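Enquirer: Listed below, chain by chain, are the residues.
Protein chains: 4
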Amino acid sequence: MKFKASFFIAFLFVISLSKIQAQDVPRNTINIPDIQGYKTLKCDFHMHTVFSDGTVWPTFRVEEAWQDGLDVIAITDHLGHHAKNKVDADNFNKNYEIAKPEADKLGIVLIKGSEITRKYPYGHYNALFLNDLNLIDKPNCIDALKAAKDQGAFITWNHPGWKMPGEIPVWDSIPELFYNNGLINGIEIVNYTSYYPLAFTWATEKKLTFMAGSDIHNPSSAEFNYQKGEHRPMTLVFAKDTSIASIKDALVQHRTAVYYKNYLFGSETILKSLFNASVIIQNPVISIDADSDNNYYTYIKIQNNSSIDFDLELSEVDKSLKVSEKVTLAANSITVLNIKPAPKDIKGVKEYILKYTVKNLFSSPEKGITVEIPVKINFS
Amino acid sequence: MKFKASFFIAFLFVISLSKIQAQDVPRNTINIPDIQGYKTLKCDFHMHTVFSDGTVWPTFRVEEAWQDGLDVIAITDHLGHHAKNKVDADNFNKNYEIAKPEADKLGIVLIKGSEITRKYPYGHYNALFLNDLNLIDKPNCIDALKAAKDQGAFITWNHPGWKMPGEIPVWDSIPELFYNNGLINGIEIVNYTSYYPLAFTWATEKKLTFMAGSDIHNPSSAEFNYQKGEHRPMTLVFAKDTSIASIKDALVQHRTAVYYKNYLFGSETILKSLFNASVIIQNPVISIDADSDNNYYTYIKIQNNSSIDFDLELSEVDKSLKVSEKVTLAANSITVLNIKPAPKDIKGVKEYILKYTVKNLFSSPEKGITVEIPVKINFS
Amino acid sequence: MKFKASFFIAFLFVISLSKIQAQDVPRNTINIPDIQGYKTLKCDFHMHTVFSDGTVWPTFRVEEAWQDGLDVIAITDHLGHHAKNKVDADNFNKNYEIAKPEADKLGIVLIKGSEITRKYPYGHYNALFLNDLNLIDKPNCIDALKAAKDQGAFITWNHPGWKMPGEIPVWDSIPELFYNNGLINGIEIVNYTSYYPLAFTWATEKKLTFMAGSDIHNPSSAEFNYQKGEHRPMTLVFAKDTSIASIKDALVQHRTAVYYKNYLFGSETILKSLFNASVIIQNPVISIDADSDNNYYTYIKIQNNSSIDFDLELSEVDKSLKVSEKVTLAANSITVLNIKPAPKDIKGVKEYILKYTVKNLFSSPEKGITVEIPVKINFS
Amino acid sequence: MKFKASFFIAFLFVISLSKIQAQDVPRNTINIPDIQGYKTLKCDFHMHTVFSDGTVWPTFRVEEAWQDGLDVIAITDHLGHHAKNKVDADNFNKNYEIAKPEADKLGIVLIKGSEITRKYPYGHYNALFLNDLNLIDKPNCIDALKAAKDQGAFITWNHPGWKMPGEIPVWDSIPELFYNNGLINGIEIVNYTSYYPLAFTWATEKKLTFMAGSDIHNPSSAEFNYQKGEHRPMTLVFAKDTSIASIKDALVQHRTAVYYKNYLFGSETILKSLFNASVIIQNPVISIDADSDNNYYTYIKIQNNSSIDFDLELSEVDKSLKVSEKVTLAANSITVLNIKPAPKDIKGVKEYILKYTVKNLFSSPEKGITVEIPVKINFS
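Protein chains in written order, with the working numbering: chain V, 7 to 386; chain A, 7 to 386; chain E, 7 to 386; chain W, 7 to 386.
Treat the hints loosely; a few may be bogus.
The list cannot tell twin chains apart, which means a pair is met if one copy fits it or any two copies do.
[Unchecked claim] DSBU-like, lysine-lysine: derived pairs with alpha carbons at most 30 Å apart:
1) LYS382 <-> LYS45
2) LYS346 <-> LYS45
3) LYS125 <-> LYS152
4) LYS213 <-> LYS382
5) LYS254 <-> LYS307
6) LYS346 <-> LYS100
7) LYS373 <-> LYS144
8) LYS328 <-> LYS169
9) LYS48 <-> LYS307
10) LYS213 <-> LYS125
11) LYS45 <-> LYS307
No wet-lab data here; the hints were simulated from the structure. Values in this document were obtained by computation on a predicted structure and should not be read as measured data.
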């Protein structure tokens with residue numbers, strides 16, 4: 007009796023204690039290692055606010071970027087005339103100015119940018135590292151791009167296949183003209199939930215920087231199902247430090263990769279560095295005698311410290327070993343890889359190299375990278 | 007060889023197919039049954055946009071309400087002078103006007119409202135069912151409330167314990183004055199993540215309508231962890247139909263309940279109706295002989311068709327039965343309740359009534375409702 | 007002070023109240039509608055226990071099936087000599103006998119079965135609806151199958167591509183022999199996480215019943231990530247009632263479909279019935295005038311009452327309409343489909359048929375089914 | 007056309023590639039830091055298999071422990087005569103012998119133990135670090151405990167309130183007798199989903215080691231809702247290394263804490279060490295001028311590297327600062343703490359100590375620990 011009473015009395019007070027102060031937003035950690043002496047920065051250079059056709063306030067873009075674990079963002083609203091239903095600013099730099107103090111507070115690097123937006127056949131282009139957006143509000147597309155370039159902008163071709171049949175991009179006279187005038191420096195291989203393999207190929211051939219942009223208009227939590235482990239597409243930038251100059255330098259020098267769903271797109275060198283920096287191969291256990299057909303002889307443990315699952319498929323192995331043909335090194339986990347050395351008469355310590363294709367790390371649209379896992383087995 | 011090739015070729019096309027059109031937002035179903043001849047409407051009468059200190063555009067409030075499974079919302083921005091950093095409207099009805107077409111499209115009932123906001127000792131009050139917000143922009147709090155009342159407003163006292171020591175509300179001369187002048191018709195028992203037991207008591211004693219408001223400023227998906235099954239607090243309104251007149255009538259006649267976390271707060275009659283309409287008791291299986299101490303003799307299955315888990319604790323039972331003392335009827339599930347009839351010498355069919363307290367359905371801050379589960383056992 | 011005290015005092019008691027009685031397991035609801043006058047039964051005819059090489063006790067197979075929302079299961083252990091490390095039974099029916107009372111309690115239909123297991127080139131075969139497993143323990147594979155047939159067994163060829171190069175099954179002299187002798191009645195198109203398109207083709211050509219089996223050895227919750235919405239593969243059986251005779255009749259008459267991840271595999275007729283029984287098309291909203299290029303003229307709402315997301319891709323439409331080319335009808339949700347009628351000069355009510363391919367409902371490995379969505383637009 | 011074809015052709019192959027090899031189980035990482043020069047080991051010393059009344063095979067206990075992120079386990083089956091429906095072993099060490107090779111493979115430390123089980127008024131006792139279980143199979147409870155002690159066992163009193171009215175444990179003549187004879191060395195403060203505050207008090211007063219046991223009979227994934235972030239209760243052991251001798255030494259020396267839901271129970275010293283080792287306080291940002299009442303002057307970032315959310319409530323602060331009264335330092339995240347220094351006329355650098363109670367880290371049933379957060383503010 008007394009007992010039940012205390013439950014309810016407690017209830018009178020306890021619940022009112024649980025008020026959460028929304029300003030105290032926690033930041034998720036995305037584990038992607040630094041490589042080659044550079045810091046790996048998680049960046050989204052493409053998003054909108056109520057200052058064009060987005061639905062959120064600029065400060066919110068910063069707060070959600072903080073929560074999403076990003077390091078660098080650019081708010082790239084279409085200039086005001088594209089946003090007649092939304093907030094009508096006479097100063098196109100206002101979204102940046104509103105967001106900047108919040109970015110400083112949370113330590114998010116905010117790049118000043120804009121999306122130069124024209125109908126087909128021109129397309130959409132992000133100009134990053136701008137000084138004054140008011141100066142690029144030109145009626146003509148190429149004039150706008152040149153005005154951005156005059157401010158030292160790094161320019162990307164956005165969602166190149168958008169509204170094209172089958173969403174397949176076409177490199178016709180317009181991109182050719184812009185490209186030849188130095189007005190396309192990077193290209194979005196991924197935009198929102200679309201992946202453009204052809205853009206991947208062009209990026210490699212034409213030395214354009216690999217880019218990915220979320221292009222979010224709504225809150226990121228409304229666009230991506232974080233519940234199911236989704237994240238927005240990101241450009242990984244490998245920069246000397248978090249200064250704007252270093253970030254720009256990395257973009258100009260093509261030191262980027264694209265992180266989309268559970269895929270990475272980038273150069274073979276960069277992807278291999280990311281894989282090797284993520285993975286620790288623990289020493290193989292000393293072999294033990296099997297007591298039946300079902301027992302494995304030995305196993306190694308592979309620790310994956312990154313937030314990316316690596317999907318491995320065996321590409322080459324010494325015939326005398328039987329190892330898992332397909333294995334996923336789950337994110338932030340340790341995976342056991344079973345190894346069955348076939349010839350029972352081998353003695354002593356023997357070294358092997360297992361070669362796996364990482365099916366979700368693409369150095370071209372047709373090709374996953376190949377990685378090597380060294381194994382040392384003690385046949386006692 | 008050919009095999010691996012087809013994987014990658016396929017990959018060239020497949021992924022670009024997955025573009026999702028964000029306008030095509032699905033709507034979650036929240037199962038709460040209709041009762042007593044009324045429709046059960048899921049309502050949130052308290053939220054903000056960029057037209058005061060919120061961070062989202064009015065149309066987004068409608069879209070997320072649709073997704074969250076709500077039927078009725080009110081956008082209740084503080085009037086413009088509270089929002090100097092945000093959008094400066096000279097027409098205080100503009101948030102409503104922007105949201106209305108989207109609400110019509112999605113079939114969300116949009117109530118025109120405003121939050122009349124004053125510093126301590128006055129507090130915050132939602133005026134619902136307004137015609138023209140510009141007419142209630144008065145310097146004096148009571149004048150603003152009266153101006154709202156002149157438009158036939160239903161007025162609620164919001165988050166009554168906010169900023170009070172221990173978040174415990176105080177009924178002093180201000181609420182007394184407003185209440186005596188008919189300027190408080192409902193009271194928020196729950197606001198955002200705060201629950202006010204004292205407001206619950208007052209609502210019962212003073213015949214104020216039970217209200218709950220999310221009071222969200224950011225996107226709801228940024229405020230509540232849908233991943234862990236959270237939902238925003240809702241006012242359940244039991245209305246003849248979805249017309250604004252019927253909704254207002256239900257509020258005036260106190261036909262509401264509060265749905266907060268996994269709790270319901272409301273009158274005993276309403277909560278019992280909700281429980282009984284949610285739960286189907288399947289016939290008990292005919293008893294079988296036990297082959298050991300561990301086996302139960304019989305069991306009934308209880309189907310809970312609502313989205314609410316019911317936490318039951320036995321309050322009274324015929325001494326001759328042994329049944330689970332605590333059991334949760336999980337949402338949208340069937341639960342098996344084990345029953346052990348003690349006296350082995352009983353024969354024939356016998357009926358019992360199990361009385362359980364539903365620990366999370368409160369008809370007062372101190373009291374869960376009691377429900378009855380009839381059981382018929384065939385002692386063969 | 008007093009306040010803090012009550013928190014802790016309450017804590018002394020409250021937590022110890024939360025003991026959950028594990029027997030009271032809730033059952034998840036999987037919504038797949040009944041069709042064509044038959045009940046749709048969710049079945050898993052393939053699983054193992056400690057009575058062969060599985061890791062769980064037979065009663066647990068029943069309890070997890072109840073939780074997983076299944077209606078019918080068969081425990082199909084390899085006969086005892088395959089299980090030398092596990093429980094050594096001299097009676098091969100013992101797993102069934104242990105599980106049966108629990109199945110009766112929970113209302114799970116338990117089919118008596120066994121997996122007749124031989125090394126390549128023979129393979130694994132499930133014999134269902136057996137009377138006595140001890141009688142089928144024959145050294146020779148075909149003798150075992152015939153002994154099962156003598157008991158009226160329905161026999162399926164399990165995981166036909168298992169251990170084959172590329173997991174691609176081969177129809178050589180062994181299956182040909184068994185098939186010609188009536189010893190293969192069904193075939194697993196899906197086993198665990200493997201899908202065999204070639205088996206799908208054979209099933210259609212050779213009139214074998216479409217089957218899917220989880221083939222679980224560990225607890226289902228250890229094999230499938232329920233957290234991410236996974237479920238085990240199921241055979242959907244369309245039976246007159248839940249009697250064993252009706253279930254067997256449905257299998258013999260090929261009235262099944264396979265439910266695997268978010269795919270359905272089955273005959274066109276059955277899949278269309280499932281789609282049409284799942285989906286309710288709400289009346290189109292009366293058209294409204296657009297105030298800008300961005301606004302849609304009208305929209306219909308499509309309610310999907312099933313647990314399956316339907317991925318639709320437009321295959322044919324009246325040229326005068328612009329509708330979403332790709333849309334997902336999310337499970338247990340309502341989806342809004344935007345429609346833009348192009349010619350602005352049409353007046354009055356006009357009817358259209360939208361034809362969509364359901365990309366995840368396959369009537370053959372190459373072909374999603376096509377469905378029709380009728381739309382009536384009021385051009386006012 | 008060609009396009010659609012390639013989708014389906016791809017589908018013919020892609021899906022059959024996804025076969026997962028269940029042996030390759032990934033291991034979740036639970037982040038709890040090492041303290042005081044000891045390794046922090048995550049241990050579960052209480053669980054069952056089919057060798058008593060559990061439902062899983064011993065090897066599965068090891069595999070799920072690996073997946074659950076545990077370092078050390080004991081399988082503590084009731085001796086065989088309690089398990090007449092399950093596997094009947096004539097050798098009570100068999101569960102250990104079966105599990106040991108799998109434990110060696112995965113690097114899980116397996117402690118040989120047993121649950122000595124008697125009906126009321128005796129209760130259940132875990133004997134850990136045994137050599138031979140067959141020697142402790144005595145009819146008399148105290149004889150069994152003494153036989154265990156003869157093998158050097160560490161003995162815990164399990165679920166002391168089980169089946170007692172209100173689940174409240176009673177220290178009567180039986181525990182008194184056992185305790186006085188050195189037959190109770192530790193006590194379960196938490197068992198499965200029950201918490202015993204009184205056992206917590208006794209542990210402190212009588213110098214018994216704090217223990218928690220899952221007492222699982224079904225698979226852990228069937229008992230705990232990992233989907234909602236649940237984990238099984240664990241005993242945290244602070245040991246010199248992972249040797250059995252060091253683990254035993256830690257238990258004997260009371261170097262443990264209990265990790266239950268999001269609570270830690272333990273000595274003040276240990277809990278403070280765990281908090282301090284988990285949390286990194288980043289330097290406060292240099293103060294900036296506020297442009298409105300809503301903006302904060304400064305903020306610090308607190309990084310919580312542990313898997314435990316810390317729920318902080320302000321207990322004492324310099325009056326001149328306004329800081330969040332309640333804040334949760336979310337697991338594996340960085341939280342921003344807003345600080346508003348009231349007196350605007352202060353100049354130069356000033357240091358403050360914020361004192362918070364950690365509401366979910368209990369050094370006694372009535373008392374959360376207090377922690378200090380130093381803040382340095384630059385009033386420029």
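Enquirer: Are the hints correct? Go through all of them and say.
Expert: So, going through the hints one by one against the coordinates:
1. LYS382 <-> LYS45: For LYS382 and LYS45, the Cα distance is within 30 Å only across copies (28 Å; inside one copy 32 Å).
2. LYS346 <-> LYS45: Classified as neither; 39 Å inside a copy, 33 Å across copies.
3. LYS125 <-> LYS152: Within. Shortest intra-copy distance 18 Å satisfies the 30 Å Cα cut-off; inter-copy 52 Å does not.
4. LYS213 <-> LYS382: Neither: 41 Å inside a copy, 48 Å across copies.
5. LYS254 <-> LYS307: Cα proximity of LYS254 and LYS307: across copies only (27 Å, versus 39 Å in one copy).
6. LYS346 <-> LYS100: Answer is between: at 26 Å across copies they meet the 30 Å cutoff, but 64 Å inside does not.
7. LYS373 <-> LYS144: Classified as neither: same-chain Cα gap 42 Å, cross-chain 50 Å, threshold 30 Å.
8. LYS328 <-> LYS169: between (48 Å within a copy, 13 Å between copies)
9. LYS48 <-> LYS307: both (28 Å within a copy, 19 Å between copies)
10. LYS213 <-> LYS125: within (26 Å within a copy, 54 Å between copies)
11. LYS45 <-> LYS307: Both. Shortest intra-copy (27 Å) and inter-copy (20 Å) distances satisfy the 30 Å Cα cut-off.
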